[in-house]
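Enquirer: Each chain, written out:
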Amino acid sequence: MKYKSQKIAYWFFATCMLLLSLQIVYGFIMGFARMGFDGLHDWIPFNAARATHTNLLVVWLLTGFMGAAHYIIPDESESEIYSVRLAYIQLLSLIVVGVVSIIGFHFNVWEGRKFLEIPRPLDYLVVINVLLFLFNIGMTVWKGKKHTTTGLVLYFGLFSAALLYLPGMIEFNSQTVDSYFRWWVVHLWVEGVWELIMGGILSFLLIKLTGVDREVIEKWLYVIVGLTFLSGILGTGHHYYYIGVPEYWKWIGGFFSMLEPLAFLAMAMFAVSMYRKSGRNHPNTISLYWTIGSAIMSFVGAGFLGFAHTLPQVNLYTHGTLITAMHGHLAFWGAYAMIVLAIITYSMPLLTGRKLWNNSIGLFAFWASNIGMLGMTGAFAVAGIAQVYLERKFGLDFLVVQKEIQVHFLGLVLAALVFTSGIVAFIWNFIKFGTPTDEAVGAEAASGDISLSSRS
Amino acid sequence: MLTKFQAKLFFLIGTFLFSAIFLFLTFDSLRYVYSNPSAKTLSDEVIRGKALWEKNNCMGCHTILGEGAYYAPELTKVYERRGPEWIRIFLKDPQAMYPGERKMVKYDFTEAQIGDLIAFLKWNGELDLKGFPPKPEFKPETQTVSANNVSISQPEKFKQICVACHAVGGAGGNVGPALDTVGKKFDIAYLENWLRDPQKIKPGTAMPKLPLSESEIKDLSAYLSQLK
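Chains as they are written, first to last, in full-length UniProt numbering: chain E, 1 to 456; chain X, 1 to 228.
It is worth saying that the hints were derived from the structure and are not from the lab. Hints should not be assumed to be uniformly reliable.
Said to hold, decoys possible - Derived lysine-lysine pairs resembling DSS-like cross-links, with alpha carbons at most 25 Å apart:
1. Lys403(E) <-> Lys4(X)
2. Lys130(X) <-> Lys145(E)
3. Lys106(X) <-> Lys184(X)
4. Lys114(E) <-> Lys106(X)
5. Lys403(E) <-> Lys77(X)
6. Lys403(E) <-> Lys393(E)
7. Lys8(X) <-> Lys277(E)
8. Lys403(E) <-> Lys106(X)
9. Lys92(X) <-> Lys228(X)
10. Lys55(X) <-> Lys103(X)
11. Lys159(X) <-> Lys77(X)
12. Lys185(X) <-> Lys92(X)
13. Lys228(X) <-> Lys185(X)
14. Lys184(X) <-> Lys209(X)
15. Lys139(X) <-> Lys403(E)
16. Lys393(E) <-> Lys77(X)
17. Lys130(X) <-> Lys393(E)
18. Lys185(X) <-> Lys159(X)
19. Lys8(X) <-> Lys114(E)
20. Lys143(E) <-> Lys8(X)
21. Lys393(E) <-> Lys209(X)
22. Lys219(E) <-> Lys4(X)
For clarity, every value in this text was computed on a predicted model and none was experimentally measured.
All chains should be built: construct the whole structure from the sequences, respecting the hints.
Expert: Written as structure tokens, this is what we have:
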């Protein structure tokens, strides 16, 4: 660790772990409700569990991105964070907003628009919070000695994510227009600017872990984020097929959705080829697993499974079914959860000075959570395909179909248990690292940022 | 291969060009939406209904226009499928309509609020959604009601409420048993008692006590007793 203010990242990451655990708990509540065990209905009805589950996902990923920025930006711009105090205030206020929203969900206080459930007054606090964050990081970049592409892409991604939160706060009377602009936030986040953030973190990690020349990596970063926007912006159209807007969205949305996997494919090929070019054997192999894994899984989940149901002819039947849940789970996991876990795995030894890499717990965390998530995706896929045929093709009643596919949720819950065991192992390792210390500063020689002759 | 500068140019030009196209298409889509007939039927009732829909996070279980969660039915065409009467009774006590089934929160809506919600659902159901939701392609056509019963006309209430769960002549729901031969099993007096309070005759039955007037009970029982 070169810069003392990088320690802030640890507290963001710790918050991440807490929110992720809570998200999993709510996932189980829903899984059991779908199996017919909804004993908590009177206290936590499904819509409350669902809003909590998805909002926790968004909040912990954003917290992770912020943590990543606090770690990466000082390194990239070669200067301390502009104001450490501001960073802690910002983290605290983020937690307060999150906790208040989640408690509110349980008392029927929300603005029920999928993924944007946080009630309007709290939205303004989110805006202030994010402005604080952007100011602090922006000043760090501004005053920094160096302006690298990686740092700029990451900052531009975070900035655009904040900007795109605003269309979600305008009120519309028509459900069609409401839906139209809701996707400006949700789609342009996950298939646009978040990919910039992901690309920035990925490129930082690849520079550090593979030792490939920065110029080479950053050139490909431009190509990848270029592809992302080229396909992703008009790809928003795949949400516009059936909400009451012009017919041409079927053509435009369909065509650009077909291109969307290209960005992810490029990302996966890029990560793998950089790894193969690797001039150094970085000792933190687990972090390399998460990094390469993220690039590959995001192609499978976001790229391939996304492609599998965004063609208009297919989407006509799969729109609004469990197929979306299938795609959503692997996409978020591969693209965003894994890259956050990768930067955590990479930075923890450097923040705390404890070289807990490549231990069996860390390895178990990687494999169990990935296998569990693939299992969950499979369970959703089978349930979703059965739902599409029974409900949409054969016209059986919704509730009748739900009874038929209940059994697949047993599979889901079992896979979720494997997944959870992996996450528990990850958090266990995280706790064992302990808190960051100033002694780790200057201990660069032991940090792993060096060439070793063999992997230990 | 590309130089770093060319790669940067590719990113910048791609982003600005496609953002510009997207903004233009957004402008055109809004023009389309606001010049559509649906814009004129967007009444205060519908807008209040939408506010209620959001305030209670209905999307946390249901989908509308295919958007939302997948725990409860798609509601775009619910007005066409169930009709306002059924939705009205259902919203007063959702669990009474489907006892022992997947649960919905009882929201204690007022009559006016239910009216607003129905208006909202009706408005969405009438949008031009380019073929969504699709009509089932392989729905089996069954005809089980016997030919000598075709002259019996169904009471209005039956069409509004009962068909949501029961089928006659292959048309209707399948939550409750088909009623094609119900007249063979029960006489008018039994049917009347049954409709007044199903739970009293068969405790634990899935059939809810429906808000029916005495004359509606008489009409329905007369109709049902003839289904033989």
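Enquirer: Evaluate each hint against the coordinates.
Expert: Hint check results:
no., hint, verdict
1, Lys403(E) <-> Lys4(X), "violated (56 Å)"
2, Lys130(X) <-> Lys145(E), "violated (55 Å)"
3, Lys106(X) <-> Lys184(X), "violated (37 Å)"
4, Lys114(E) <-> Lys106(X), "holds (21 Å)"
5, Lys403(E) <-> Lys77(X), "holds (22 Å)"
6, Lys403(E) <-> Lys393(E), "holds (17 Å)"
7, Lys8(X) <-> Lys277(E), "holds (23 Å)"
8, Lys403(E) <-> Lys106(X), "holds (22 Å)"
9, Lys92(X) <-> Lys228(X), "violated (33 Å)"
10, Lys55(X) <-> Lys103(X), "holds (19 Å)"
11, Lys159(X) <-> Lys77(X), "holds (17 Å)"
12, Lys185(X) <-> Lys92(X), "violated (31 Å)"
13, Lys228(X) <-> Lys185(X), "holds (9 Å)"
14, Lys184(X) <-> Lys209(X), "holds (23 Å)"
15, Lys139(X) <-> Lys403(E), "holds (19 Å)"
16, Lys393(E) <-> Lys77(X), "holds (16 Å)"
17, Lys130(X) <-> Lys393(E), "holds (17 Å)"
18, Lys185(X) <-> Lys159(X), "holds (22 Å)"
19, Lys8(X) <-> Lys114(E), "violated (35 Å)"
20, Lys143(E) <-> Lys8(X), "holds (23 Å)"
21, Lys393(E) <-> Lys209(X), "violated (33 Å)"
22, Lys219(E) <-> Lys4(X), "holds (5 Å)"
Against the hints set out earlier in the document, violations occur for numbers 1, 2, 3, 9, 12, 19, 21.
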